[in-house]
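Asks: As a plain string of letters, each chain reads:
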Amino acid sequence: MNILKRGQAGTMQSSDLMVIVEPADKLIIEIESTVKKQFEHLIRARLEQVLDKFGVASGRISISDRGALDYAIEARLETALQRAGGA
Amino acid sequence: MVLNSLGRQIPETFSGKKLIPYSDPWSLQPHAERSTRAIRRLTHNGSKLVGGLKDAIIAVGLKDGMTISTHHSLRNGDQLLNDLVKEIDALGIRDIKIASSSIHIVHAELIPYIRKGVITGFECGVNGLIGELVSKGELDCPIVVRSHGGRARALITGEIPVDVAFLAAPYCDEYGNFNGFYGPSACGSLGYAQVDAQHAHKVVAVTDNLVPFPAVPVGIPQSVVDFVAQVSRLGDPKKIVSSTTRITTDPIGLQIAKYAAMVIESSGYVKDGFSFQTGTGGISLAVAENVRNMMRQGKIKGSFGCGGITGNFVDMLEEGLFEALFDVQCFDLRAVESIGRNQKHQEMTAGMYANPFNCGSVVNRLDCAILSATEIDVNFNVNVNTESMGYLLHNTGGHCDVAAGAKVSIVVAPSIRGRLPIVRDEVTTITTPGETVGVIVTERGVAVNDNLPELKAELIRRRAPVKDIRQLRDEIYAVTGVPRPIEFVDKIVGLVEYRDGSIIDVIRQVCP
Numbered sequence: 001m002n003i004l005k006r007g008q009a010g011t012m013q014s015s016d017l018m019v020i021v022e023p024a025d026k027l028i029i030e031i032e033s034t035v036k037k038q039f040e041h042l043i044r045a046r047l048e049q050v051l052d053k054f055g056v057a058s059g060r061i062s063i064s065d066r067g068a069l070d071y072a073i074e075a076r077l078e079t080a081l082q083r084a085g086g087a
Numbered sequence: 001m002v003l004n005s006l007g008r009q010i011p012e013t014f015s016g017k018k019l020i021p022y023s024d025p026w027s028l029q030p031h032a033e034r035s036t037r038a039i040r041r042l043t044h045n046g047s048k049l050v051g052g053l054k055d056a057i058i059a060v061g062l063k064d065g066m067t068i069s070t071h072h073s074l075r076n077g078d079q080l081l082n083d084l085v086k087e088i089d090a091l092g093i094r095d096i097k098i099a100s101s102s103i104h105i106v107h108a109e110l111i112p113y114i115r116k117g118v119i120t121g122f123e124c125g126v127n128g129l130i131g132e133l134v135s136k137g138e139l140d141c142p143i144v145v146r147s148h149g150g151r152a153r154a155l156i157t158g159e160i161p162v163d164v165a166f167l168a169a170p171y172c173d174e175y176g177n178f179n180g181f182y183g184p185s186a187c188g189s190l191g192y193a194q195v196d197a198q199h200a201h202k203v204v205a206v207t208d209n210l211v212p213f214p215a216v217p218v219g220i221p222q223s224v225v226d227f228v229a230q231v232s233r234l235g236d237p238k239k240i241v242s243s244t245t246r247i248t249t250d251p252i253g254l255q256i257a258k259y260a261a262m263v264i265e266s267s268g269y270v271k272d273g274f275s276f277q278t279g280t281g282g283i284s285l286a287v288a289e290n291v292r293n294m295m296r297q298g299k300i301k302g303s304f305g306c307g308g309i310t311g312n313f314v315d316m317l318e319e320g321l322f323e324a325l326f327d328v329q330c331f332d333l334r335a336v337e338s339i340g341r342n343q344k345h346q347e348m349t350a351g352m353y354a355n356p357f358n359c360g361s362v363v364n365r366l367d368c369a370i371l372s373a374t375e376i377d378v379n380f381n382v383n384v385n386t387e388s389m390g391y392l393l394h395n396t397g398g399h400c401d402v403a404a405g406a407k408v409s410i411v412v413a414p415s416i417r418g419r420l421p422i423v424r425d426e427v428t429t430i431t432t433p434g435e436t437v438g439v440i441v442t443e444r445g446v447a448v449n450d451n452l453p454e455l456k457a458e459l460i461r462r463r464a465p466v467k468d469i470r471q472l473r474d475e476i477y478a479v480t481g482v483p484r485p486i487e488f489v490d491k492i493v494g495l496v497e498y499r500d501g502s503i504i505d506v507i508r509q510v511c512p
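So the sequences go chain by chain: A and B. Numbering-wise, the first sequence is residues 1 to 87 according to the working numbering. Numbering-wise, the second sequence is residues 1 to 512 according to the working numbering.
The following block holds chain B by itself, in its conformation from the complex (with noise of 0.2 Å):
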C-alpha cells in the first residue's frame, strides 16, 4: 500500500496490474505510443453480414479470457450488452471482460452471468446492482471506474486491449457504414463507439435497421468494421432519457439554481465566445435556463454548448444563443432529432472531449460547468461514485475531466439529502479532486476555492452569500448531526481511477 497525495491507500497492483498513485491533475505524462492493432484487408466487396450475434461472435474468434465493449448511447435502454452475453455464454464462452463505455441499471440482468464466470471483470464503471453486489462482497468481479475522458484514454494507449467491439448500429448498410442518428433505435451521437471503433482489434456493427448502401451521413466508416450482424432490437431509446431530465421545481433547487447563476455571471465569462456544460438534473436545467436569459437580456453570442446535450441546449443553438454544440452523447429524443438535422450540432468522440492525453480536448476550452456530488469535503474534492451505505454505484461519468479542463467548474448541490450532510470532513471516495473544483453552490451558501481569489472577490461585492466550506460544513451539521464513517473491510473490489490513469481512490467492500 501507498498513499497518494489525497491520502488514500492505493494498493501497489490490481488484478495483476501494477497502480500508478494518483499525485496531481496536470503532470503525469504519457508513456506509450498510440496502439496499434492489425491492419486487415478485406478484398471482396460483397456484404459484411454474418447472421445474428452468434454468428458474429463465432465470426470474430471471441475466445476465453478476452474483452469486449459496447457503447452505451442507448443507456438505460440497451439492450445490445445482455443479448450478446447471453449468446457468449451460450457458446460455452468463459472470462469475458467487459470494457463498455458504461454499464447501467437494465444490465443487472448480466448478474448471473457473472456469478457463472462468463464475466470476470469490468474495465469500466458500472450503475446500479452490480456495483452494490460488488461492493457487499456478493459477487467477486473486480471494477475499474474510468472518466469518459480516461476510458477513451485508455483505449487509445491500449491500456485496455479491446479484442471485439460490438458497437449499436442504428443506421446501418452491409458494408459496414453507420451513424446513429435515424432508425427505430436512434440514439444520436455515437462520440463512444468512435474510440472502439478506431482501437478495438475487431469490430463488429450490431443494427436492427438495415438500409441499402451507403448509410450516410456516415458516423463510423465501413473502412473500420470487421463484420455487420443484425438483432431484431437494439433496444429502446424512449429510455435514454432519465427521470431527472427536468427542470426543478423544489424551492431549494431553484435556490441554488439562482445563486449558481450568479457565480456563473460573476466569472465574467458570460460574453461573446462564452462555453458553457451542464447536466441532465433537475438543478442543472435550472441553471441553463437562468443563463440562457442572461444571454438573451445581454444579446450575448455564445462559442459551443457541450457534453450530453439535451432539447435544452438545442433550443439554445436554434435560437442562435451558441454557435455550435459540441455532442459526445444524446441525453433526450429531442437532442437525437436535432443532432441528424443541424449541421452545427457535431458529433464528437469521447477522445476529443475529454482525453487528457492529446493535444487538447473540447473540455479545455470550457468556461463555466456545472456538475453534481453526491459528498464534498472541506478540501473540495467530490464523490459521484459511493452512496451512502458505502455501494458503488455511480459511475464517473465526465465529472473529473471536465473539471479540470472548464475555467470554473460550479458544483451544484442541496446542503442535506434525507439526512445526509453532503459538505463533509472526508467524501467516502474522490472521483474528482478539489484542485479542479472552483465553486461549491448549495441553498445555504457558496463556497469558493482559494485559486479563484477574484472570483471570491465578486460574488463577495455582490452579496452573495459567501462562506468559507468550512462553515458551511458547520452549519450542515449543526441540523444533521456528525455523520460515523462507513465501515469498510480491508478487500478491495474496485479502483477509481484519474483521467490520467492514475489512482485516485479505492472501493472497498463494506462491513456486513
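Next up, chain A with everything else stripped away, as it sits in the complex (with noise of 0.2 Å):
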C-alpha cells in the first residue's frame, strides 16, 4: 500500500506508543522510546515487519514510545496505516 496522507493511531500513555506515518518519498523509520537503549532493536525489527507485510515501500513512519509491547506496536501501526492509506 501507499501512504496517502498522514496517519496517526495510540496515545502517550505508558505501555502505548504514538504512531505518525506521513507520505514522504523514502522509508524513515524514527524511534523515540523510554527503553530505546535496551530495545530499540525489537522495536524497529517489529515495525518492519508490519511495513512489509502491508507492502509499504515510502513514507516516515515516526514513533513516540513508552514502552509498549510488541502487539500494541503492531496494532497501532496498522491502524495508522489504514488511516493513511486513503482509504
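A couple of the hints might just be wrong.
Claimed, not checked - Listed next, the in silico DSS-like pairs over lysine-lysine satisfying Cα-Cα at most 27 Å (straight line):
(1) B:Lys17 - B:Lys116
(2) A:Lys37 - B:Lys491
(3) B:Lys116 - B:Lys63
(4) A:Lys36 - B:Lys136
(5) B:Lys456 - B:Lys491
(6) B:Lys491 - B:Lys136
(7) B:Lys271 - B:Lys407
(8) A:Lys36 - B:Lys491
(9) A:Lys53 - A:Lys5
(10) A:Lys37 - B:Lys136
(11) B:Lys491 - B:Lys116
(12) B:Lys299 - B:Lys271
Read the hints as simulated data drawn from the structure, not as lab findings. The model shown is predicted, which means the values in this text are computed figures rather than measured ones.
Each chain sits in its own coordinate frame; assemble them with the hints.
Replies: Structural data, given as C-alpha cells:
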C-alpha cells in the first residue's frame, strides 16, 4: 500500500505508543522510546515486519514509544497505516 | 580493577580513597574506633542565636574543601539545603562536599552550583536530575551512594568526616534543644539528623520556629548544638508525602499484594510478637492492609512496625496490632502528628535502625519486610538505583539494610514495567545482594531463594504459584523480548557502597 496522507494512532500513555505516518519519497523510520537503549532493535524489527506485510516501500514512520509491547506496536502501526491509505 | 564476589569490576581507588570490594553481607569487621570530634566548652548561658544562614556559615568557620550535611526528613519539601548552598556560594566558598542523608528532586536547584565548583562531590546517594546528569557525563561530581545504615556507619566510624551539620529544627529553642514534632515545618522523626548531631564537628540547628526555652520533648539536645540560626522557612511538610503513598487499585498490584500476603502467612511469623516493615508504594500499602486483616482475624498482638512510618502503621498501632513503632522518618503528615502524641511511636536514629557496625540494629529484629525493585536478576540481586537508560535516579534508602536484617525479605514488583522485564539475566546495578533477598513476588509467580527451603515447601503446599526464578525470567522475556544490555563507557562516576562500606557496584557513565 501507499501512504497517501498523514495517519496517526495511539496515545502517550505508559505502555502505549503514538505512531504518525506521513508520505515521503523513501522509507524513513524514526524511533523515540523510553526503552530505546534496551529495545530499539526489537521495536525496529517489529515495525519493519508490519511495513513489509502491508508492502509499504516509502513514507515517514515516526513513533514515540512509552514501553509498548510488540502486539501494541503492531496494532498501532496497522491502524495508522489504514488511516493514511486514503481508504 | 578487581572483581568483587558478585563479578562486578571495582577500581582500587575512587576520588583518592582506597576501596574494599564487596565479598559477602556478613564477614567484614569494623577496624575503627568511634570517630572523635573536639570537645567544646561553652561557658555562656545566653542565646546561641547567630542570625541567619550566612551568619551561621561564618560563625562555624566553613572553609573551602569542607564537608557539610543536612537531613532529608522534609524529603521533597526541603528548602534548607538549596538556601544553604546559595549562601555558601555568595560567601565565595568552594569545593564543598555534601554528605546529607539524601538528596531529592527539589535539590536539582543545586546543579548551577555544581557547575560553578561550589559543590564538588556527594558523599550520599541522590534522587533525580543530579544523578541523571552525572550519569550522562554532563556534570562532573562524584557520587557515593550509601544506604541509611551505611551512612550512619560512615559517620560513626569517621569515614565521612562531616565538618558542619546544618540541621533543620522545626521546634527549637535559643540554646539549641529541638525536635521535629511541631511547628510549621514539622517533619516528625529526626532519625537521620541524630547521627549528624552526635558526629559532625560542628552542629547548627536551623529553625523557622523559635520557641521559649526549653523546647521539649528534646529530640536533639543543647549539649551537642553549637549555634542556632533562623530562617523564614525550612520547607514545606506537605511535600513529605510522595505521590505513591496510596493503596493500589491496579489489578496487577492487587494480585502481587495477595501473593505477598500468602508469603507472609506461610512464613509462620504472623503470631504474637510479629514484626514488620513496609514501604510507601501502592503495592506495599496493599500488602500492609492484608497483613492488618490477618492480624485482626488471628487476634495477633505484634511486636513492632518499623521504617519510614505512614498513617497506615499509625492506625495499626492505635488499633493495638503492634506494641510499638520504630520510626526513622515520617512518610506522611499523619505519622508526623502521631509521633508527637503517641509514646509508643518511638523515634529511632539511623544508627539504631540499620547500622551494621553496632551491637545490633532494629532491622535485625524484623520478621518480614516488603521491599521494592527496579530490576532483579536470576541470582536474586536487586537494583533500585539505576533505571532503564542506565541513569542513577534513586537512592538506596534502607533497602540493603532491611534485606540483610529481616528473616524474610520480600521483594514485590510487577513482572513488566513498560516493556522492561523486571526479572532478567543481569541487573544494571547491584544495590542489594541476592543472598539477603528471600522471596520475589510478581503477578506471574513467586520465586523463593534456596536459603528458605521450608518457606518454599509451605508455599507449594498452599498452592501459591511458586516458580524457579529462571522460569519466571523466561516467561517474562517471552512477552517483552530479550533486552540489550545498556552500554557504558569506562568512566566511573559513582560508587554503590554496601552497608558495611565495601563496594558492591559502580555507576558508569552511559554511552551517548
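Asks: Hint by hint, say whether it matches the structure.
Replies: These are the hints, each one checked on the structure:
Under the criterion of a C-alpha separation no larger than 27 Å, the hint pairing Lys17 of chain B with Lys116 of chain B is consistent with the structure, at around 24 Å. With a CA separation close to 19 Å, the supplied pair Lys37 of chain A and Lys491 of chain B stays within the 27 Å bound. Note on Lys116 of chain B and Lys63 of chain B: the hinted pairing holds, with a Cα-Cα distance of about 16 Å set against a maximum of 27 Å. Restraint check for Lys36 of chain A and Lys136 of chain B: the C-alpha separation of about 15 Å stays at or below 27 Å, so the hint holds.
Taken as a hint, the Lys456 of chain B and Lys491 of chain B pair is broken in the structure, with Cα atoms around 42 Å apart against an allowance of 27 Å. For the suggested pair Lys491 of chain B and Lys136 of chain B, the alpha carbons sit about 11 Å apart, so the restraint of at most 27 Å is met. The hinted pair formed by Lys271 of chain B and Lys407 of chain B meets the criterion: a straight-line CA distance of about 14 Å does not exceed 27 Å. In summary, the hint linking Lys36 of chain A to Lys491 of chain B is supported, as the alpha carbons are separated by about 22 Å, within the 27 Å threshold.
The hinted pair formed by Lys53 of chain A and Lys5 of chain A meets the criterion: a straight-line CA distance of about 19 Å does not exceed 27 Å. Annotation: proposed proximity of Lys37 of chain A to Lys136 of chain B holds, straight-line Cα distance about 13 Å (limit 27 Å). Restraint check for Lys491 of chain B and Lys116 of chain B: satisfied, since their Cα atoms lie roughly 22 Å apart, inside the 27 Å limit. Restraint check: the Cα-Cα separation between Lys299 of chain B and Lys271 of chain B comes to about 9 Å, which is no more than 27 Å; the hinted pair holds.
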